[in-house]
Amino acid sequence: MRPLFHPSIDDITVEGILHALSDPVRVAIFADIVRSTCSRNCSNFLKISEKSVPKSTLSQHFKALRDAGLIRGERRGVEMHNTSRCAELEKRFPGLIEAIVSAHGVQSRGKGRERSGARPKGRR
119 MRPLFHPSID
129 DITVEGILHA
139 LSDPVRVAIF
149 ADIVRSTCSR
159 NCSNFLKISE
169 KSVPKSTLSQ
179 HFKALRDAGL
189 IRGERRGVEM
199 HNTSRCAELE
209 KRFPGLIEAI
219 VSAHGVQSRG
229 KGRERSGARP
239 KGRR
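With this note's numbering, letter number 3 in the sequence shown gets 121, and the count goes up by one each step, no holes.
To be clear, the hints were calculated from the coordinates, so they are not data collected in a lab.
Possibly wrong hints are sitting among the right ones.
Quick list of the computed label-pair ranges, beta carbon to beta carbon [what the hints assert, rightly or not]:
1. Ser140 with Arg190: 17 to 25 Å
2. Val196 with Val224: 18 to 26 Å
3. Cys156 with Arg210: 18 to 26 Å
4. Arg120 with Val224: 35 to 43 Å
5. Gly195 with Lys229: 30 to 38 Å
6. Ser177 with Pro125: 12 to 20 Å
7. Val196 with Ser220: 30 to 38 Å
Heads up, the beta-carbon is just placed ideally off N, CA and C, and yes, glycines get one too.
Full structure from sequences and hints, please.
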């Protein structure tokens, strides 16, 4: 089995992070991994953002997150367990990941209100 690629912390760029998190499914996966206290595998995300996502598509999302340096993957038997690299990223880009995950949370809560029929503040 091929070893997984994980970029060194010095090779991680803001552009790479923002590109990886520009996809709504990937940012939802990443935010969930960041909030989790343990590693997460692909099966934890078969249904994300109220949509079913095929495992093959999830594998590509995890690869994009890994290639950007946002997560670290570890094989355990037949499963791939993923953890965030937040501690490393915080040292390189202070406050960036927290800001992105917080903004995603605000945006997600706003979408929930719009679906339920409640109007966001300031809109008529």
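Here is what the structure says about each hint:
| no. | hint | in the structure |
| --- | --- | --- |
| 1 | Ser140 with Arg190: 17 to 25 Å | 21 Å, holds |
| 2 | Val196 with Val224: 18 to 26 Å | 37 Å, violated |
| 3 | Cys156 with Arg210: 18 to 26 Å | 24 Å, holds |
| 4 | Arg120 with Val224: 35 to 43 Å | 39 Å, holds |
| 5 | Gly195 with Lys229: 30 to 38 Å | 36 Å, holds |
| 6 | Ser177 with Pro125: 12 to 20 Å | 18 Å, holds |
| 7 | Val196 with Ser220: 30 to 38 Å | 35 Å, holds |
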